[in-house]
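Enquirer: Please construct the entire structure, taking both the sequences and the accompanying hints into account.
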Amino acid sequence: MTSGFLSDLPLYASGLLTTLTVSLAGIALSVGIGIVLAAALRSPLLYISLPVRLYVEFTRGAPLTLVLFLIYYGGPQFGLVLNPYVAGVVGLGLYGAGTFAEIFRAGFNAVPKGEIEAADMLGLTPGQAFRHIELPQALGLTLPPSIGQAINLVKESSVLSVITLAELTKVAGTISSITFAVVTPYLTVALLYWAIVESLSRLGFYLERRLAVKG
Amino acid sequence: MAERTTAISVRGLEKHFGEKTVLNGIDLDIHNGDVLCIIGPSGSGKSTLLRSLAFLDAYDGGDVHVFGRMIGWRETPLGRERMGAKELADVRRPLGMVFQHFHLWPHMSVIDNVTLSLRLVHGVPRAEAEETGRAMLDKVGLAAFADRRPDSLSGGQKQRVAIARALAVKPKAMLFDEPTSALDPELVGEVLSVMKALAAEGMTMVIVTHEMGFAAHAANRVVFMDGGKIVEEGAPQPMFAAPKSERLSQFLQTWRERAL
Amino acid sequence: MDKTLSVVWPALLDGLVTTVAVSLSALVLGAPLALLLAVAGRGGRLLRSASALYLSFWRGTPILVQLLIVFYFLPFLGLQLEPVVAATLALALNTAAFQSEIYRAGLQAIPKGEREAAKMLGFSGCQTFLRIEAPQAFRIMLPALVGEMQALVKNSSLVSVIAVTDMARRAQQMAASTFRPLEVYASALVLYVAVGAVLAGIGLLIERRLAKGVGR
Numbered sequence: 009m010t011s012g013f014l015s016d017l018p019l020y021a022s023g024l025l026t027t028l029t030v031s032l033a034g035i036a037l038s039v040g041i042g043i044v045l046a047a048a049l050r051s052p053l054l055y056i057s058l059p060v061r062l063y064v065e066f067t068r069g070a071p072l073t074l075v076l077f078l079i080y081y082g083g084p085q086f087g088l089v090l091n092p093y094v095a096g097v098v099g100l101g102l103y104g105a106g107t108f109a110e111i112f113r114a115g116f117n118a119v120p121k122g123e124i125e126a127a128d129m130l131g132l133t134p135g136q137a138f139r140h141i142e143l144p145q146a147l148g149l150t151l152p153p154s155i156g157q158a159i160n161l162v163k164e165s166s167v168l169s170v171i172t173l174a175e176l177t178k179v180a181g182t183i184s185s186i187t188f189a190v191v192t193p194y195l196t197v198a199l200l201y202w203a204i205v206e207s208l209s210r211l212g213f214y215l216e217r218r219l220a221v222k223g
Numbered sequence: 024m025a026e027r028t029t030a031i032s033v034r035g036l037e038k039h040f041g042e043k044t045v046l047n048g049i050d051l052d053i054h055n056g057d058v059l060c061i062i063g064p065s066g067s068g069k070s071t072l073l074r075s076l077a078f079l080d081a082y083d084g085g086d087v088h089v090f091g092r093m094i095g096w097r098e099t100p101l102g103r104e105r106m107g108a109k110e111l112a113d114v115r116r117p118l119g120m121v122f123q124h125f126h127l128w129p130h131m132s133v134i135d136n137v138t139l140s141l142r143l144v145h146g147v148p149r150a151e152a153e154e155t156g157r158a159m160l161d162k163v164g165l166a167a168f169a170d171r172r173p174d175s176l177s178g179g180q181k182q183r184v185a186i187a188r189a190l191a192v193k194p195k196a197m198l199f200d201e202p203t204s205a206l207d208p209e210l211v212g213e214v215l216s217v218m219k220a221l222a223a224e225g226m227t228m229v230i231v232t233h234e235m236g237f238a239a240h241a242a243n244r245v246v247f248m249d250g251g252k253i254v255e256e257g258a259p260q261p262m263f264a265a266p267k268s269e270r271l272s273q274f275l276q277t278w279r280e281r282a283l
Numbered sequence: 070m071d072k073t074l075s076v077v078w079p080a081l082l083d084g085l086v087t088t089v090a091v092s093l094s095a096l097v098l099g100a101p102l103a104l105l106l107a108v109a110g111r112g113g114r115l116l117r118s119a120s121a122l123y124l125s126f127w128r129g130t131p132i133l134v135q136l137l138i139v140f141y142f143l144p145f146l147g148l149q150l151e152p153v154v155a156a157t158l159a160l161a162l163n164t165a166a167f168q169s170e171i172y173r174a175g176l177q178a179i180p181k182g183e184r185e186a187a188k189m190l191g192f193s194g195c196q197t198f199l200r201i202e203a204p205q206a207f208r209i210m211l212p213a214l215v216g217e218m219q220a221l222v223k224n225s226s227l228v229s230v231i232a233v234t235d236m237a238r239r240a241q242q243m244a245a246s247t248f249r250p251l252e253v254y255a256s257a258l259v260l261y262v263a264v265g266a267v268l269a270g271i272g273l274l275i276e277r278r279l280a281k282g283v284g285r
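Chains as they are written, first to last, in the numbering used here: chain A, 9 to 223; chain B, 24 to 283; chain C, 70 to 285.
No lab work stands behind these hints, which were simulated from the structure alone. A couple of the hints might just be wrong.
To be verified - Here are the computed lysine-lysine pairs in the DSBU-like style, where the Cα-Cα straight-line distance is at most 35 Å:
| no. | chain 1 | residue 1 | chain 2 | residue 2 |
| --- | --- | --- | --- | --- |
| 1 | B | LYS219 | A | LYS121 |
| 2 | B | LYS219 | B | LYS252 |
| 3 | B | LYS109 | A | LYS121 |
| 4 | B | LYS43 | A | LYS121 |
| 5 | C | LYS281 | C | LYS181 |
| 6 | B | LYS193 | A | LYS121 |
| 7 | B | LYS43 | B | LYS109 |
| 8 | B | LYS162 | A | LYS121 |
| 9 | B | LYS195 | A | LYS121 |
| 10 | B | LYS252 | B | LYS267 |
| 11 | B | LYS193 | B | LYS162 |
| 12 | B | LYS267 | B | LYS43 |
| 13 | B | LYS43 | B | LYS195 |
| 14 | C | LYS281 | A | LYS121 |
| 15 | A | LYS121 | B | LYS252 |
| 16 | B | LYS193 | B | LYS252 |
| 17 | C | LYS281 | B | LYS43 |
| 18 | B | LYS109 | B | LYS193 |
Please read all numbers here as calculations on a predicted model, not as lab measurements.
Expert: This is the structure in structure tokens:
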């Protein structure tokens, strides 16, 4: 079984690479959309904040599996044909954006309004108040939950195997169908995921401590 | 008294929060050099009046003029419209404000709190701003705390930093919104001392406060509010000794009972 | 088009029954284990390490992988279980890890003084737990537990991968047979979201009823 494992190494490696890159892209897209959504949620205009609020609540209850099916299998129905990788990134991005939007909104809301009033009284423009007073504090507040959500998205990336993307979970399936050793590939892959999750967690703690000292 | 010029003038000021009328027609003139204390029971509209002077709360009727310019609203041929942010900041410039909860910026050092506006808004280079900042901190007795963080300070120290921060941009008048209400009793004195010193220097001050002792000894005018109106006003000592209105009399009585 | 879609909804609702059954069973099965894990934190070194290891694995790996490991590993233990049972078991083991955090936090939230007062009044540890700590902890934990149930419903969609005919599987079948994946998957999504909303509503109702009894 050991020689079998070594010959499977390139497969594991490519699966790992795919998992890492698709997760990273998905997280980045999620954060980007999340920022825009968070800004919309803070808008006093109801026709902007309400649809966004509905979207956030909708994505809360939607399983990633079905979101992916909708994009990958449903897309072609109206002309949107995406390969599994892109469909996966888009799926992760849309799926995770709602949570990031909530994290960012809560982070900015947590900055006491009085500090902004003090900034107003001292002549700072809204832009200056945002850059120097709100943003630095919001950053420190949103980092821990953001790392948590990033970790969630890495774990969720395993679902992309159901739309045939050759990431870690799919690779484990492929190897088990070749070698007929069923549990070992999945255990190996579990370990690899666990390693990624642990590293991200450690990174999170480190960043938290660094920001705490500054802030 | 020498010729007195008006710093802030208020005419027919009104403010509603939904169904409730919080300010019910206020007329007030604050002259340069005045130390005016606004006193009254909770819900009388004291803080709303003060905040309206700086247009931190938008007033609904009447007008407020700050050093000759109307604040918050612009009169046009078609009626009143809200001032833009830039114009509002410009009209606000001669005013400084100290808040009940200090509202220091916790992610910056004390000296950065004091100098941020000088550097960003007034374009003062960092070295010069720090010099001014440290001078202001020294004025409030906290020169040694310049490089500390706000969370390592006591409430009284934080409020004194807040005062230094407001003073650094050289305001012509200072507004204080219950500056000692959030402080432990033994820390109130250090803040009142700073305020008394400021008053003695001739700073124009409008203070919403429950500190009757301060009002009695440091203020030259007191305004008693109740139910959104000014009920009585005048010099503190005669007013406290012989209140003309029943409501002020009751108010002072409860204060005397508590003080004992 | 309407004709084909009228076939879809009954199929989805049929799958919904399986989805809810699997999720609820997993939640209930996982609860005792979660309680054990939460209490293990107060135990000896071996107990603490074992529970920490369990938590680290079940919270740090993807649910799909966990499902597949349990599904393929069971035959090695000599157990020939139906896919739906294996899936429920895997979900239960997973939710236990997350529920234990909720229970731990809930129990910690009760002031230590209440336990001491109970001790002084002669209550046994068990009585204190049942009559003093558990009722209060439950109120505190309710929102988080509702959240976990909502997560379970979402995660249960993965059991379709091991051929359990839950709502996700039904949706796949319907999408294939009607050639209208867009409408089918969109409908299924709406149903999942609706279930989540219903759960939230139930949670609020329970919260309000519990609050009436306390009058704090």
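Enquirer: Hint by hint, note whether the structure agrees.
Expert: Cross-check of the supplied hints:
1. B/LYS219 with A/LYS121: holds, 29 Å
2. B/LYS219 with B/LYS252: Holds, at about 27 Å.
3. B/LYS109 with A/LYS121: holds, 20 Å
4. B/LYS43 with A/LYS121: Distance of about 23 Å is within 35 Å: holds.
5. C/LYS281 with C/LYS181: Measuring from Cα to Cα gives roughly 25 Å; hence the hint holds.
6. B/LYS193 with A/LYS121: holds, 24 Å
7. B/LYS43 with B/LYS109: holds, 31 Å
8. B/LYS162 with A/LYS121: holds, 28 Å
9. B/LYS195 with A/LYS121: Holds: B/LYS195 and A/LYS121 sit about 25 Å apart, inside 35 Å.
10. B/LYS252 with B/LYS267: The hint holds at about 15 Å.
11. B/LYS193 with B/LYS162: With Cα atoms ~13 Å apart, B/LYS193 and B/LYS162 stay inside 35 Å; holds.
12. B/LYS267 with B/LYS43: Between B/LYS267 and B/LYS43 the Cα gap is close to 27 Å, so the pair holds against 35 Å.
13. B/LYS43 with B/LYS195: Judged against 35 Å, a Cα distance of about 33 Å means the pair holds.
14. C/LYS281 with A/LYS121: Roughly 34 Å between the alpha carbons, so the hint for C/LYS281 and A/LYS121 holds.
15. A/LYS121 with B/LYS252: Holds, at roughly 28 Å.
16. B/LYS193 with B/LYS252: Given pair B/LYS193, B/LYS252 holds - Cα atoms ~32 Å apart, limit 35 Å.
17. C/LYS281 with B/LYS43: OK: C/LYS281 and B/LYS43 at ~31 Å, within 35 Å.
18. B/LYS109 with B/LYS193: Satisfied, since the Cα-Cα distance of roughly 19 Å is no more than 35 Å.
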